[in-house]
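Engineer: Sequence:
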Amino acid sequence: MCETAVFTVKDGGRKEVMDNVSLIVVDGDEVTLSGLLGDTKRVSGRITRVDLENHEILIEE
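Numbering of the sequence shown is given in our numbering, commencing with residue 1 and proceeding in unit increments.
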């Protein structure tokens, strides 16, 4: 399986928010991330890049 890592981007820097993400739900400016083991995390911002080849998603805060 190829799960994805999600990073937030702010002021030119990026920080990993969650690894092994299997589901992403966008509701307005809130992004809910769900992992393989059922863990969830909410992040405010907007998705700016989805890189399927490298399994990375960027969320701009």
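Hints should not be assumed to be uniformly reliable.
Unchecked claim - No more than 25 angstroms apart at the CA atoms, straight line, and that leaves these computed lysine to any residue pairs for SDA-like:
#1 15 x 45
#2 15 x 50
#3 41 x 25
#4 10 x 49
#5 10 x 60
#6 41 x 11
#7 15 x 43
#8 41 x 9
#9 41 x 26
#10 10 x 48
#11 10 x 29
#12 41 x 30
#13 15 x 4
#14 10 x 42
#15 15 x 27
#16 15 x 44
#17 10 x 51
#18 15 x 42
#19 10 x 32
#20 15 x 58
Said to hold, decoys possible - What follows is a set of in silico ranges between Cβ atoms, one per label pair, in the way DEER data are often shown:
#21 37 x 12: 15 to 23 angstroms
#22 11 x 38: 31 to 39 angstroms
#23 37 x 11: 27 to 35 angstroms
#24 12 x 38: 13 to 21 angstroms
Note that these hints are calculated values from the structure, not bench results. This one's a predicted model, so the numbers in the text were calculated from it and none came from an experiment. Cβ coordinates follow ideal geometry from the N, Cα and C atoms, glycine included.
Engineer: Could you run down the list of hints and mark each one as holding or not?
Structural biologist: These are the hints, each one checked on the structure:
Of the pairs offered as hints, the one joining residue 15 and residue 45 holds, with about 13 angstroms between alpha carbons and a cut-off of 25 angstroms not exceeded. The suggested pairing of residue 15 with residue 50 holds, with an alpha-carbon distance near 15 angstroms, which does not exceed 25 angstroms. Annotation: proposed proximity of residue 41 to residue 25 holds, straight-line Cα distance about 11 angstroms (limit 25 angstroms). With a C-alpha separation of about 14 angstroms, the suggested pairing of residue 10 with residue 49 holds against the 25 angstroms cut-off.
Of the pairs offered as hints, the one joining residue 10 and residue 60 holds, with about 6 angstroms between alpha carbons and a cut-off of 25 angstroms not exceeded. As the CA atoms of residue 41 and residue 11 are separated by approximately 22 angstroms, the hinted pair is consistent with the 25 angstroms bound. For a cut-off of 25 angstroms, the pair hint linking residue 15 to residue 43 stands: about 12 angstroms separates their Cα positions. The straight-line distance between the Cα atoms of residue 41 and residue 9 is roughly 16 angstroms, inside the 25 angstroms bound, and the hint therefore holds.
Our distance criterion of 25 angstroms between C-alpha atoms is met by residue 41 and residue 26, whose separation comes to about 12 angstroms. Between residue 10 and residue 48 the CA atoms are separated by roughly 12 angstroms; this keeps the pair inside 25 angstroms, and the hint holds. For the hint linking residue 10 to residue 29, the alpha-carbon distance of about 15 angstroms falls within 25 angstroms, and the restraint holds. Note on residue 41 and residue 30: the hinted pairing holds, with a Cα-Cα distance of about 10 angstroms set against a maximum of 25 angstroms.
Between residue 15 and residue 4 the CA atoms are separated by roughly 14 angstroms; this keeps the pair inside 25 angstroms, and the hint holds. A hinted pair counts as satisfied when its Cα atoms are at most 25 angstroms apart, and residue 10 with residue 42 qualifies at roughly 16 angstroms. Simply put, residue 15 and residue 27 have alpha-carbon atoms about 21 angstroms apart, close enough for the 25 angstroms limit, and the pair holds. Restraint check for residue 15 and residue 44: satisfied, since their Cα atoms lie roughly 14 angstroms apart, inside the 25 angstroms limit.
Taking the CA atoms of residue 10 and residue 51, the gap is about 18 angstroms. The hint holds against a cut of 25 angstroms. Using a Cα cut-off of 25 angstroms, the hinted pair residue 15 and residue 42 holds, with the two alpha carbons roughly 14 angstroms apart. Pair hint residue 10 plus residue 32 holds up; C-alpha atoms about 18 angstroms apart against a cutoff of 25 angstroms. Under the criterion of a C-alpha separation no larger than 25 angstroms, the hint pairing residue 15 with residue 58 is consistent with the structure, at around 9 angstroms.
Under the hint 15 to 23 angstroms, the C-beta atoms of residue 37 and residue 12, about 32 angstroms apart, miss the expected range. Between residue 11 and residue 38 the beta carbon distance is about 32 angstroms. The supplied range of 31 to 39 angstroms therefore holds. Separated by about 31 angstroms at the C-beta atoms, residue 37 and residue 11 satisfy the suggested range of 27 to 35 angstroms. Between residue 12 and residue 38 the beta carbons are some 33 angstroms apart, a value that contradicts the proposed interval 13 to 21 angstroms.
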